[in-house]
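Student: Residue numbers (numbering that gives the first Met the number 0), protein chains in the order written: chain S, 0 to 640; chain H, 0 to 640; chain V, 0 to 640.
The set of hints was computed from the structure by calculation and includes no laboratory data.
All residues carry an ideal CB built from backbone N, CA and C; glycine is no exception.
Check before you lean on any hint, since a few could be wrong.
With a straight-line Cα cutoff of 27 Å, these simulated DSS-like cross-link-like pairs (lysine-lysine) come out [unchecked claim]:
| id | chain 1 | residue 1 | chain 2 | residue 2 |
| --- | --- | --- | --- | --- |
| 1 | V | Lys297 | S | Lys297 |
| 2 | H | Lys70 | H | Lys302 |
| 3 | V | Lys302 | V | Lys607 |
| 4 | H | Lys302 | V | Lys607 |
| 5 | V | Lys302 | S | Lys607 |
| 6 | V | Lys297 | H | Lys297 |
| 7 | V | Lys297 | H | Lys607 |
| 8 | H | Lys620 | H | Lys607 |
| 9 | H | Lys620 | S | Lys302 |
| 10 | V | Lys607 | V | Lys620 |
| 11 | V | Lys302 | S | Lys302 |
| 12 | H | Lys297 | S | Lys70 |
| 13 | V | Lys297 | S | Lys607 |
| 14 | S | Lys607 | H | Lys607 |
| 15 | H | Lys297 | S | Lys297 |
| 16 | S | Lys607 | S | Lys620 |
| 17 | V | Lys620 | H | Lys302 |
| 18 | S | Lys70 | S | Lys302 |
Reference listing, derived: stretches of chain V covered by chain H, where coverage requires no fewer than 3 residues with Cβ under 8 Å from a Cβ of chain H [unchecked claim]:
| id | stretch |
| --- | --- |
| 19 | 425–431 |
| 20 | 484–497 |
| 21 | 580–590 |
Derived DEER-like restraints, expressed as beta-carbon distance ranges [as the list claims (entries may be wrong)]:
| id | chain 1 | residue 1 | chain 2 | residue 2 | range |
| --- | --- | --- | --- | --- | --- |
| 22 | H | Gly372 | S | Asp480 | 52 to 62 Å |
| 23 | V | Ala433 | H | Glu491 | 32 to 42 Å |
| 24 | H | Glu162 | S | Asp120 | 38 to 48 Å |
Given next are the chains, with one letter for each unit.
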Amino acid sequence: MSTPSETDDRSDTADTADAGDATTVYDLAPEHGTEAVETGARYHATVNGVVAYGVFVDVADDVSGLVHESKLDAEYGVGDDLVVRLDEIRPNGDLGFDEVSIDDYETVAVEYEPEVAAADDLEASIGENVTLDGEIVGIEQTGGPTVFSLRDASGVIDCAAFEAAGVRAYPEIEVDDLVRIEGTPERREGAIQVEVDELTAFDDAADLRERLDDALGERAAARDVTPLIEWDALDKLWEDLEGVAARLRRAVLENRPVRIRHHADGDGMCASIPVQLALSRFIEAVHGDDSAARHLVKRSPSKAPFYEMEDVTRDLNFALGDRDRHGQRLPLVAMLDNGSTEEDVPAYEALAQYDIPIVAVDHHHPDPGAVEGLLGEHVNPYLRGEDYGVTTGMLCVEVARMIHPEITDELRHVPAVAGLTDRSEADAMSEYLALAEEEGYDESDLQAIGDALDYAAHWLRYSSGDALLTDVLGVDAADEDRHRDLVEHLSERADRDTDRQLDAAMAHVETESLDNGAQLNRIDVERYARRFTYPAPGKTTGAIHDRKVAETDSPVITVGYGPDFAVLRSDGVRLDIPEMVEELEEEVTGGGVSGGGHLVVGSIKFVKGMREDVLDALEAKMGDAEIDEELGSASVAGFED
Amino acid sequence: MSTPSETDDRSDTADTADAGDATTVYDLAPEHGTEAVETGARYHATVNGVVAYGVFVDVADDVSGLVHESKLDAEYGVGDDLVVRLDEIRPNGDLGFDEVSIDDYETVAVEYEPEVAAADDLEASIGENVTLDGEIVGIEQTGGPTVFSLRDASGVIDCAAFEAAGVRAYPEIEVDDLVRIEGTPERREGAIQVEVDELTAFDDAADLRERLDDALGERAAARDVTPLIEWDALDKLWEDLEGVAARLRRAVLENRPVRIRHHADGDGMCASIPVQLALSRFIEAVHGDDSAARHLVKRSPSKAPFYEMEDVTRDLNFALGDRDRHGQRLPLVAMLDNGSTEEDVPAYEALAQYDIPIVAVDHHHPDPGAVEGLLGEHVNPYLRGEDYGVTTGMLCVEVARMIHPEITDELRHVPAVAGLTDRSEADAMSEYLALAEEEGYDESDLQAIGDALDYAAHWLRYSSGDALLTDVLGVDAADEDRHRDLVEHLSERADRDTDRQLDAAMAHVETESLDNGAQLNRIDVERYARRFTYPAPGKTTGAIHDRKVAETDSPVITVGYGPDFAVLRSDGVRLDIPEMVEELEEEVTGGGVSGGGHLVVGSIKFVKGMREDVLDALEAKMGDAEIDEELGSASVAGFED
Amino acid sequence: MSTPSETDDRSDTADTADAGDATTVYDLAPEHGTEAVETGARYHATVNGVVAYGVFVDVADDVSGLVHESKLDAEYGVGDDLVVRLDEIRPNGDLGFDEVSIDDYETVAVEYEPEVAAADDLEASIGENVTLDGEIVGIEQTGGPTVFSLRDASGVIDCAAFEAAGVRAYPEIEVDDLVRIEGTPERREGAIQVEVDELTAFDDAADLRERLDDALGERAAARDVTPLIEWDALDKLWEDLEGVAARLRRAVLENRPVRIRHHADGDGMCASIPVQLALSRFIEAVHGDDSAARHLVKRSPSKAPFYEMEDVTRDLNFALGDRDRHGQRLPLVAMLDNGSTEEDVPAYEALAQYDIPIVAVDHHHPDPGAVEGLLGEHVNPYLRGEDYGVTTGMLCVEVARMIHPEITDELRHVPAVAGLTDRSEADAMSEYLALAEEEGYDESDLQAIGDALDYAAHWLRYSSGDALLTDVLGVDAADEDRHRDLVEHLSERADRDTDRQLDAAMAHVETESLDNGAQLNRIDVERYARRFTYPAPGKTTGAIHDRKVAETDSPVITVGYGPDFAVLRSDGVRLDIPEMVEELEEEVTGGGVSGGGHLVVGSIKFVKGMREDVLDALEAKMGDAEIDEELGSASVAGFED
């Protein structure tokens, strides 16, 4: 089996037609057929038979003819080489050669360059022999053939090579190899698959690599879509989002798995489920196979509002195992509604050890200095002068559309759900609500979807729950009636459980007045709320806060604390929690204070034994904080314990 | 490939024998063979060849013959239609036709209706072509062929269709489709499998559907068995149990997975393991394949004494995933020794969103009003005037026998184990003990099995532990010596660990006298018992109670409490715990009290911060409670933390 | 299909050459060919055809010839038996027989004994028919053929039998059966596999069994290697280690899975990862298949420093499941850096119920009386007069080399890492450090590897983390740069997190002077250290202790306690923790005290409510303890909570 060599000069068969130059002798590659020869041209030939009336010669494996005795200058035996000139092509196709005796000539090698087909254009060649050049981007050993995924400039195509049932064909071929495949496209379950006759690795193919890379860049580019609504904020972030979409599309085209890690709240799910779906659909379109999507896209909610060392260690270990066991590439990690902060750095650094690329779309207050060098793409409204009101769900619905525009119709109501669950006060909310209205959802329907997502996610306990959550969110061809009934059922349960939790808890809320006139509500949620049930401490605190806000016109702060944490919510007081945390860290010696958040919502951790010191210092700060009645509290989700 | 049409008039090939009626011209379906024609009869024919001496005509795909030139009235070309009359069938099988020129005739279409075989009666047809009509109840893609499970009126048979190794054959066919399969029965590993030549979906087959449904109802009916012992309680519940058995049998016949959720205690295991085994055996009998049982029956112990939202969410998510990934039906859920109470309602409502059927066999005090509408079948002794002494294990051994009577011999000792672990005081216990005695088990052996089950289940931590627990229970062809040794080992460990736990705990039991003369024992099991070891707090409380009862003649109450829970046991005092819980819920503001139980055993939950208030109020009630020396405490298992 | 019978007299075909004895008539087994007959010899024959000029007879299935009419004494029909004598073998191979009429003769059965090939010597027989006798040690059903692993005296070879895609061939054959396989060796992915033509079980083959057992014993013997360094301690333990290596090699040769359970600390990983790797390589060498290693070797870190009931129950349940589902043997359990103590007994007894063999290599203080009868092999330096300084990692690197010496070059630096992480003060440390130095690691590099292992293991939370940890440890062809970078990254994170933890904690350490002049440091690590982060309470206590030791010249004791546990470290005071625990158990009534450790390091558990009593009693003992400034504290790893 010869290795096809790549030559810069992709010589055309017509070159041999230059028959008049008497000093040129062509040396045909053995794969050439009779279309490569022309009368009058000279060729290197080898004797393959001797008969009474002359010798038969080969100028290529399938190009042979007679040199008649009368045209021979010498005697030859089988295997002897000579130079011949094509004298005539007879009507029946037989070739007649003359021997040519010349000493002074130039040999021109005529490489064989078959017509190379395009992976995305095999429809017309079904059942015929084709040649494909490209990069192996995946190898799957089935119970039957070995399936090689080949990517060329046009797309990816599965090529099945059969050695024996369950036996790896071409074991020397690995992912990333550049190869030529000769085979026959066949239809398999609607998709086209090439049955491999021969698969050969290129030794060196720099220009093929370059062409593939160029083509990949072009195909990976974000699809051109119009934003769902007209909105300055989207315009400012559009190019950033296209960068993320291109990275994700490229991963699919390279057969690289995508691991989505997202905030386990409503907005996080409104961001990640559409991206997961769009990737799955794009994978299906590329691979013509819906099971590939299950292997290549995984979505995992994160327990904490950042990428914990435990999670990244597990992800990394799984990825390395998949690489070792299944020859899979290491993944691209996509952080959604998470990932912009310093707390993510240790995890990112761990991934960097293995050159695993990361992209992040987040709307939590970023620490760009800390994460920038570690992220391939980083989208965050704060980086473009916008704020938390531009939720990740709103952004990721656009990313999903840039990946696979055909998904648009399923997603029109999703940004509104995202905005409501994160209490977005963006001006664009009214337009998003109008968009959802067109799909038959009024605001209370959308709020109910958010509540149902949150409730289902609570009980899924950080398993991804794909099939259930798409039905709740009403995407991925969810049955409309089931979607509506399920949302009603789950949101009612969420309400009922919240009421039940508050029935016990409200009696234990301690209310006092701060120096700045704000009302402070405190509750020990570990002692006075039911544990291991819905809602968890953070959300319980939020629900208490909402009730307190509804009861009074004063500014209101609510603190729900446990043995080593506190959850904070404010309406009307500018708390600036990151600053408070920094001060407490310094002021309370041995307090082990950490935490984060925004102006009016956040959480703090400390060591158990210093709780009173920390809470006292915290309250003093709250009493000094500036009143700003414009400030409303956003969702506290994600700061739950 | 033509779709076979279902006709009400299943015309027989003999119809064409009515050759004398000169106005009838038969139009044969193309599948007919020569057995369908008779000399003298008229047929629509098509010319398939023209020769010098006449034309050859087809009256069906494989029924052709000559119309001699002399018998032709006109000239015909290939493809022309004409009416012919069968003149003769020559000795060598050749057919000779005459042309018939008539204008006034009636065409009678002769549908092809092959003899349809029965799935359970293919033994005699091995190696021959057969036709089967039925419903696809399962599709499994193997590394080789695609295996379709076909259910007809007689049974279920696996039919293997091969497209290419690992490639889905007939991708358009889905579960629930009504189809015709033509193929060849072959023996595979002892079972019969049909190798599919052709598989065609019926467009409409209402009467086939009806026949299948009728047959399913008949086959699903509970098998007719005699109760293991004569007992009024069983008689009263017999029909209810048959309803459950029929539901479970039907699930198997429909290829619907069964998910068993059961109380994680001795009685729960004595109930669920036999049902699991009976279903597995029945599946093997139906499918002739023992791996099917593993896919179709799953048993999961429940952590709480009811169906928690976390469990149902996980179950639902798995079921939806199996449906999406493997085309599996959504399951039937069987609640055993659990499931009768209001606490199960949220989980049931979640399943109802997906029309997942549920059956329950339980002997805990039921809330029929709450659950009735949600359960397909509900068996509970309280609903028939019986009580807790009729344990679920006793009932489910009968259900197992109704599913698959051949299992009876393995289960004779199981009801006695169930009764002992739940401390049943039913009169029937003596008969069950006698039955077990016949199998070589005395009462202490049976008690040891119960202890060993409990100990093994504790360390299995809610994994089902199938292979280990069948050895402990001594069913499923467990090796007799291993069973005996294992029970001895585990029950001794259980005793030793209990003694060790009580060594630490007994010193911390506080004993006082209540106003009604009962002895009250209190212990903080969180502070004074080892954690994360056997026995857990609930069972520790029970063991302490048993020691205290043995020491005195007075009525005894024992309360084992932790930060947010209390476990209660009484001998000789009527506590009526559900009533107490209801009162406490009302009286202790912000106490978050919930819980449940019986007259003399139960558990209570509350918020941590209100523990003292709740326990004080509880003790006051205990001091007022009625003394009833007849009342003994049953097992506290299932109320453990 | 006949069952080949084993005969003591493995008669050679040359026996039939004894043609001169007129009373002998040979009865050839039907498998014999013409090489088995000789002119002049007499044979039992059967008529297979009658022709005009005589009869054709068979003396074996493929040995037939003519008895010419003239040589016949009687008339015969097809199927008749007669005795013949081979008259001539014609040049064309045809045989000519005479009939022999004798009454008085002795029949000698000539068994067919083909040349039996050796499993490890099939290279020269590729493509030819071979016969193999041996024991089935594994059966794997692939999507294609059924693969039987056959072990003969020379090795193990995979033999593929094809019935139909995914269908079990020879379903009656089970693991442990002695069989003869006839088939054709073929090359598959570099390895040799036999394609089975026929597979037959021997009914009885006592001597084959004996030969196989002898051969197994020989092949299983530990490979002969020279210790990495010269060291008395290794010499004393060498035979013990060889015993362990032989057990592990035998398991591989028997296709028995190996379950490694190890201490989840640095030394435990330095012990278990090399053994896992050596087994994997040996399996590959034996099976010629690298996926087998994944099925046959599993490594699991243990949460506790002993084999907990929860772990053994889970392991046992998985093993039984694998047996039932995949026909796999029950495993051999290898306890590494764990397993020498009384606390392991309950787990060992559970395994003993299923005759699961166990070996242990540990350097923690053993309770030989308790465990000896339960262990197949038990290696512990204390049993040979050595101590804790001989770490398990040092020992197991030698075991790994005895299993598969080719692994040596990858492991030279590992004993030094093991010694440093366990703070070994053995004299041999300098030699181990020198050995590592030759590989390019200085002491700080090795310490960093230990820290990185510990940090990665912390976040892996008891998942085995194979791919990640081999990169950290720098074995299994880890990329050198990645290994170095990863170690640097993880060890720096470990340092940073430790500093961060101590920043909060140091302020809460209470220091006092004991009566014996030692400094006592106490800290409530539950209240004053961050939870759920690195380092955990035990390691936090160790780090605090190290700081305190560095600050003073006095003897130092540090106690890190939580609600129900205390971790102890001493430098310069002889605590003898096992003795203290025993005394506390007796003195503190209802304290539920348990625990263990060494002279200067250990941990204690108690019931929450008795913490003050236990700690007070403990401190009194510490104040009385003997000062011994020589005593340094070893690693506290493994006593973490």
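Student: Work down the list of hints and note, for each, if the structure agrees.
Tutor: How the hints compare with the structure:
1. V/Lys297 / S/Lys297: Holds, at roughly 26 Å.
2. H/Lys70 / H/Lys302: violated (87 Å)
3. V/Lys302 / V/Lys607: holds (21 Å)
4. H/Lys302 / V/Lys607: Cα-Cα ~25 Å, so holds.
5. V/Lys302 / S/Lys607: holds (25 Å)
6. V/Lys297 / H/Lys297: holds (26 Å)
7. V/Lys297 / H/Lys607: violated (43 Å)
8. H/Lys620 / H/Lys607: This hinted pair holds, its Cα atoms lying about 20 Å apart.
9. H/Lys620 / S/Lys302: With a Cα-Cα distance of about 43 Å, the restraint between H/Lys620 and S/Lys302 is violated, given a limit of 27 Å.
10. V/Lys607 / V/Lys620: holds (20 Å)
11. V/Lys302 / S/Lys302: Distance ~22 Å between V/Lys302 and S/Lys302 Cα, so the pair holds.
12. H/Lys297 / S/Lys70: Violated: H/Lys297 and S/Lys70 sit about 85 Å apart, past 27 Å.
13. V/Lys297 / S/Lys607: Cα-Cα ~39 Å, so violated.
14. S/Lys607 / H/Lys607: Measuring from Cα to Cα gives roughly 17 Å; hence the hint holds.
15. H/Lys297 / S/Lys297: Distance ~26 Å between H/Lys297 and S/Lys297 Cα, so the pair holds.
16. S/Lys607 / S/Lys620: holds (20 Å)
17. V/Lys620 / H/Lys302: violated (43 Å)
18. S/Lys70 / S/Lys302: violated (87 Å)
19. 425–431: violated (count 0)
20. 484–497: violated (count 0)
21. 580–590: Since 3 is at least three, the answer is holds.
22. H/Gly372 / S/Asp480: 52 to 62 Å: Once the Cβ atoms are compared, 19 Å apart, the range 52 to 62 Å for S/Asp480 and H/Gly372 is violated.
23. V/Ala433 / H/Glu491: 32 to 42 Å: violated (52 Å)
24. H/Glu162 / S/Asp120: 38 to 48 Å: The hinted range 38 to 48 Å is violated for H/Glu162 and S/Asp120, with Cβ atoms some 25 Å apart.
Violated hints, listed in ascending order, are 2, 7, 9, 12, 13, 17, 18, 19, 20, 22, 23 and 24; each of the other numbered hints is respected by the structure.
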